[in-house]
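One letter stands for each residue in the lines below.
There are 2 protein chains.
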Amino acid sequence: MFTDEYFMKIALAEAEAAFVLGEIPVGALIVSGHKIIAKGRNSTEALVDVTAHAEMLAITAAAEAIGGKYLRNCTLYVTLEPCIMCAGALYWSQISKVVIGAADEKRGYRNAGVQLHPKTEVTSGIFEKECGEIVKEFFRLRRI
Amino acid sequence: MFTDEYFMKIALAEAEAAFVLGEIPVGALIVSGHKIIAKGRNSTEALVDVTAHAEMLAITAAAEAIGGKYLRNCTLYVTLEPCIMCAGALYWSQISKVVIGAADEKRGYRNAGVQLHPKTEVTSGIFEKECGEIVKEFFRLRRI
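Protein sequences appear in the order of chains A and B.
With my numbering applied, the first sequence has no gaps in its numbers, which climb one by one up to 162 at the end.
With my numbering applied, the second sequence has no gaps in its numbers, which climb one by one up to 162 at the end.
Mixed in with the good hints there might be a few duds.
Since the list gives no way to pick out one identical chain from another, each pair is judged satisfied if it fits inside one copy or across any two copies.
Stated by the list, open to error - SDA-like cross-link-like pairs, simulated, lysine to any residue; straight-line CA separation at most 25 Å:
1. Lys-124 with Glu-82
2. Lys-53 with Arg-158
3. Lys-137 with Glu-151
4. Lys-124 with Leu-159
5. Lys-137 with Phe-157
6. Lys-154 with Ala-79
7. Lys-115 with Leu-65
8. Lys-147 with Arg-90
9. Lys-137 with Thr-62
10. Lys-137 with Lys-147
11. Lys-137 with Leu-159
12. Lys-53 with Glu-123
13. Lys-124 with Thr-21
14. Lys-147 with Ala-83
These aren't lab readings, by the way, just hints derived from the structure by calculation.
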């Protein structure tokens with residue numbers, strides 16, 4: 019039951035909530051032992067803060083839930099490939115696993131040559147189409 | 019009066035406060051029109067949050083002070099070269115200028131090949147010795 023698809027669907031629901039609120043639709047959640055310990059959705063507009071990406075909010079909330087700043091037995095599910103800022107934060111967190119929905123060729127950390135922590139395993143392409151489509155749809159509507 | 023040295027000295031006082039509180043001693047402040055609109059010191063231990071670097075806290079506070087998420091007419095003073103996470107956040111903020119105290123060869127964004135925003139001017143080496151020494155002293159004491 020607790021597959022990557024199961025959790026990515028919940029992250030996608032966070033992205034959908036961001037979409038409705040006029041935010042670039044990215045959702046994230048952090049899981050520890052099959053339990054969701056933190057959720058985040060991009061909130062840069064609502065919080066008037068460029069640092070309020072879905073992953074950043076989830077990392078901060080997960081550390082609070084755990085009572086420790088390292089996320090060593092945790093998995094992050096995020097609908098869009100993290101940017102350099104979020105990849106840097108994930109590095110510091112030493113998170114065990116990162117599961118990415120859609121790639122972000124332009125602003126993603128991978129094409130920027132940035133590395134996550136050596137201890138961090140990465141899986142990519144879970145609900146890739148859905149996770150990418152919602153972002154494309156957001157910008158398509160903005161251009162009208 | 020409002021030289022880079024003037025403001026870096028205040029950032030250094032933030033680093034000293036972090037030192038006393040058992041945090042890796044890095045201090046930052048953001049200036050707009052000669053006015054300090056935000057201060058931050060590394061607070062990862064106190065806030066139990068790897069994202070609570072001096073620059074991140076200052077960026078969030080500056081956006082709140084301005085009432086807008088872009089820091090286009092602002093200058094960040096930071097005692098230690100920003101890491102990848104903070105450089106990513108500075109990129110998103112489109113900040114006008116970044117003034118760095120000491121370089122961070124190991125964890126700094128420059129050796130990682132990360133770029134700030136094309137609109138961001140960078141100056142480095144202001145009170146380089148003092149800004150670097152306090153970090154070295156912190157780790158020296160930790161090893162005893």
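Checked hints:
For a Cα distance limit of 25 Å, the shortest separation of Lys-124 from Glu-82 qualifies neither inside one copy, at 31 Å, nor across copies, at 28 Å. Taking CA atoms no more than 25 Å apart as the test, Lys-53 paired with Arg-158 passes in neither setting, with 35 Å inside one copy and 40 Å between copies. Taking the shortest Cα distances, Lys-137 and Glu-151 never come within 25 Å of each other, neither inside one copy (31 Å) nor across copies (31 Å). Only within a single protomer do Lys-124 and Leu-159 lie at most 25 Å apart by alpha-carbon distance; the minimum there is 20 Å, versus 43 Å between protomers.
Within a single copy, Lys-137 and Phe-157 get their C-alpha atoms only as close as 35 Å, which misses the 25 Å cut-off; across copies the closest is 24 Å, which meets it. Taking the shortest Cα distances, Lys-154 and Ala-79 never come within 25 Å of each other, neither inside one copy (28 Å) nor across copies (31 Å). In the homo-oligomer, the alpha carbons of Lys-115 and Leu-65 lie at most 25 Å apart only across protomers (23 Å), although the nearest pairing inside one protomer, at 27 Å, exceeds that limit. Proximity of Lys-147 to Arg-90 under the C-alpha cut-off of 25 Å is found in neither arrangement, the shortest distances being 29 Å within a copy and 35 Å between copies.
Taking the shortest alpha-carbon separations for Lys-137 and Thr-62, only the inter-copy value of 21 Å comes in at or below 25 Å, while the best intra-copy value is 29 Å. Taking the closest pair of Cα atoms, Lys-137 and Lys-147 never come within 25 Å of each other, the shortest separation being 28 Å inside a single copy and 34 Å across copies. Taking identical chains as interchangeable, the C-alpha atoms of Lys-137 and Leu-159 are never at most 25 Å apart, the minima being 39 Å within one chain and 28 Å between chains. For the identical chains of this complex, Lys-53 and Glu-123 are neighbours neither inside a copy (31 Å) nor across copies (39 Å), given an alpha-carbon limit of 25 Å.
Taking the shortest Cα distances, Lys-124 and Thr-21 never come within 25 Å of each other, neither inside one copy (28 Å) nor across copies (37 Å). For a Cα distance limit of 25 Å, the shortest separation of Lys-147 from Ala-83 qualifies neither inside one copy, at 31 Å, nor across copies, at 39 Å.
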